[in-house]
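Each chain, written out:
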Amino acid sequence: MSMENGNGSMRRKKWNFLQGNKEVNNNNNGSSAISVRGVYSMMLSNINEEDERDVVRLCRADPTDFPCFRTTQDAPHAIAEAVESFRFNSYAPSGGLFQARRAVADLVSSDFPYKLSPENVFLTVGCTEAINIITTVLARPGANILLPRPGYPQYQARAAFCRLEVRYFDLLPDRGWELDLDSLEALADDNTVAMVLINPSNPCGNVFTYHHLKKVAETAKKLGIFIISDEVYAHLTFGSKPYVAMGAFASIVPIITLGSLSKRWVVPGWRLGWIVTCDPHGILQDIGIVTNIKTYLDITSNPPTFVQAAVPQILEKTKDDFYTKNLNIMKEAAEILYDRCKEIPCLTCPHKPEGTMTAMLKINFSKIEGIVDDVDFCVKLAKEESVVLLPGETVGLKNWIRITYVVDPSALKEGLSRIKSFSLRHAIQLP
Amino acid sequence: MEKWKFQGNQGLKSSAVSVRGVFNVLMQSISKEKEVVHLCRVDPTDNPLFSVDPVAAHAVSTAVHSGNFNCYPPTFGLPQARRAIGEYLSRDLPNKLSAEDIYVTDGATQAIDIILPVFATPGANIILPRPGYPQYETRAALCGLEVRHFDLLPNSSWEVDIDSLEALADDKTMAMVLISPSNPCGNVFTYQHLKRVAETARKLGMFVISDEVYAHIAFGCNPFVPMGVFSSIVPVITLGSISKRWIIPGWRFGWIATCDPHGIFQKTGIAANIESYMEITNDPPTFMQAAIPEILERTNDEFYSKNLDITREAANALYERFKEIPSLICPHKPDGAMAVMVQINLSQIEGIADDVDFCVKLAKEESLLILPGVIVGLKNWLRVSFGLERSAIEEGLNRLKAFCLRHAKMSQQISA
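If you read the protein sequences in the order shown, they are chains D and X. Mapping to the working numbering: the first sequence position 149 is 149, numbers consecutive. Mapping to the working numbering: the second sequence position 89 is 89, numbers consecutive.
So that you can see chain D by itself, here it is in the shape it has in the complex:
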């Protein structure tokens, strides 16, 4: 590409940069750099500006739009206090401030048969960075990692970027979204380094039982792979099944737990997460993973020191009624979703949500016409009804929908009622 320029006497040369790094670009297959927020922006761009109704956003798991979901009163105080003290303006140590690591260790291992130490905890810029770090640490030529389908697109986006092969095992809608352990075993080979589990499950909204998680741990051990347990929705359960942390099984197989403040404390914008190595037999230490995590943390950025400084207060001083109140709202919203979905002919909810903030709904194309697939469904819904959903393709299940129900209950009802109108409008006309 030649450049025009006012100074005619200089030898002109074309720019050496041509196309850029393919792994960084969205490629035509869409297999890299897909993110929920990217798809969300795309859906928003389809909203009809002339529709005077409020947009109902059931796409991202970010409840902060709604006044009924607020963080605790004390959490902002903890941050303000830390920043105004001027004691936290320096670089933090690369694993994180000791007191923050200790607080996370205590939180995560509160129900474990063994205690975690602060040295098992590494603070990250949200769970997003925790995912980025762990995929980078595992990546080497020829290695592969097992991911759930449906799952969370950051894993494959990041794996594509660092050239770590991904393989998918299924979660079974007819079995409450439990893992298909046979498909898991069939996928693993000598180059499989780890599997990822999202527990409780995003996007499915189910909570795994103790019994099932134990089986998963035993299967992983048999295959010689360890488990990355993404517990960003830890403790956000409101059904009959209690939350069970995967780290409880760490004496069977090493567990790397990921988590953050974002969901339970309703502050996704604060970008504070963690990686925790649950490994009483020290296997992760022996094979070098812990060293690699530390090495990579030495060269990447960290959460602001003053946010780290506020972590102990947030984790330890938040009152139980804050948690209970939020869980009650979420439970009510889940009920609304499940009940009203039965009235929408083209959508099926195979499993009543028990936790997290999202659920998967199947589209019955036999009941509608003029709609090609899940993306088309969501685009048309945004255009016609100003309701934003996430196409299931984004999370690995084409022709399904991921719906976020942790929104203001009246907004949820409004949204579901518009989806019902939409489905009736597109219903197959009987002769």
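Hints may contain errors.
[Claimed, not checked] Which residues of chain X face chain D? A few of them, derived with a C-beta cut under 7 Å, are:
(1) Val64
(2) Phe69
(3) Pro73
(4) Gln110
(5) Ile248
(6) Gly250
(7) Ile280
(8) Asn282
[Stated by the list, open to error] Rough simulated footprint, nothing fancy, chain X against chain D, three-plus residues with beta-carbon under 8 Å:
(9) 85-99
(10) 296-302
Think of the hints as simulated: they come from the structure by calculation, not from any bench. Glycine residues also receive a C-beta, built at the ideal position from the N, C-alpha and C atoms.
Following the hints, put chain X in place on chain D, whose structure we already have.
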């Protein structure tokens, strides 16, 4: 017991060099007999004399208390933060920057982490300064980007060796990096010299990445000139942060700015690449981004000039004290940034093999921490930080002088 299949990212093992990593190794050598003096890290919070800006803390407090910024931030940054950074940088530029030219990052560290992979096509190379900042080499290794080094010339005020630039570049050279003002050398490049660098880059078909994390930390005769001033000659990617000028490295807030009046980044696809990668990278907290307009617009000049005076005084004190140590040569009086390069004259010392050995023994014998120059690309030099209060510098230099005397060759000792 099944064997575990994990082996790990080999790139991480070989690129484990980092300023913080070596710092840890030195920390393990240190003797605690005396109070430790750190002339090693450029963390300005080490100097209690630097005033911290209450405007900044208050802006963050207000933002977090409002409850309006607990949501996920938009991919490239909050619009008000991007606009404020664009305006702030444009104060010193002939071609004004808009919000769309700004991408918000988690400190300048993350700015480097984002921009290098964007250039890493198969066979591509990038030219880095020597001495430089090891984050660049480490990140380049991790994304498979070949690195070549041009020299900064100690006997010419650490200016760029333009001939070495021309000799190194080829058709696959995507860009060059310049750290301006210079870490680790402590010099401020002149307008004329930067213009020459821009023209050379243009001739060679490569872009310029200008790492301006020490922007405005210029306390000598040469004023700070942002590389973006020459963006109509060559497109410039400017990296910056609030860490050094506001004395808040722990806040982790920075930016990538594309200075490109001819729209070349759009045409060649760089802008699209940056934007695509940022979809899957982290962000600074939303409330921090919300505080940026106030921090950039309301900090008063007195705050900046007071801290600059303190830095100037510390740099001058350091330079004067070096004159008293014959086995150390400081070729250029520092006039910017927060560190300076000093050469070890090994012919005047005995019992010390190289710069690493020098620093390890120094840590053991004198509880004084200095960074070995090999880390920044110059073996047998030292990188000495002056972001400390005057008394700490004097104490540090006293110990350094004692150490050098103790290890001086016999003939030197007699004449000293």
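Going through the hints against the structure:
The restraint placing Val64 of chain X at the interface with chain D holds, with a minimum CB-CB distance near 5 Å, inside the 7 Å limit. For Phe69 of chain X, the suggested interface contact is upheld, since its CB lies about 6 Å from the closest CB of chain D, less than 7 Å. Of the supplied interface hints, the one on Pro73 of chain X holds, with its beta-carbon coming within about 6 Å of a beta-carbon of chain D, less than 7 Å. Nearest Cβ of chain D to the Cβ of Gln110 of chain X: about 4 Å, under the 7 Å cut. The hint holds.
Taking 7 Å as the C-beta cut-off, the interface hint given for Ile248 of chain X holds, the closest approach to chain D being about 5 Å. Because the smallest distance between the Cβ of Gly250 of chain X and any Cβ of chain D comes to about 3 Å, under 7 Å, the interface hint for this residue holds. Contact between Ile280 of chain X and chain D, as hinted, is supported at the beta carbon level, the nearest pair being about 5 Å apart and thus within 7 Å. Interface restraint check: Asn282 of chain X against chain D, minimum CB-CB distance 4 Å, threshold 7 Å, status holds.
A count of 7 residues in the region 85-99 of chain D with a Cβ less than 8 Å from any Cβ of chain X is obtained; the coverage claim is therefore met, three being the minimum. Coverage of the region 296-302 of chain D by chain X holds. Counting CB-CB distances below 8 Å, 6 residues qualify, and the rule asks for three or more.
Checked against the numbered hints given earlier, this structure breaks none of them.
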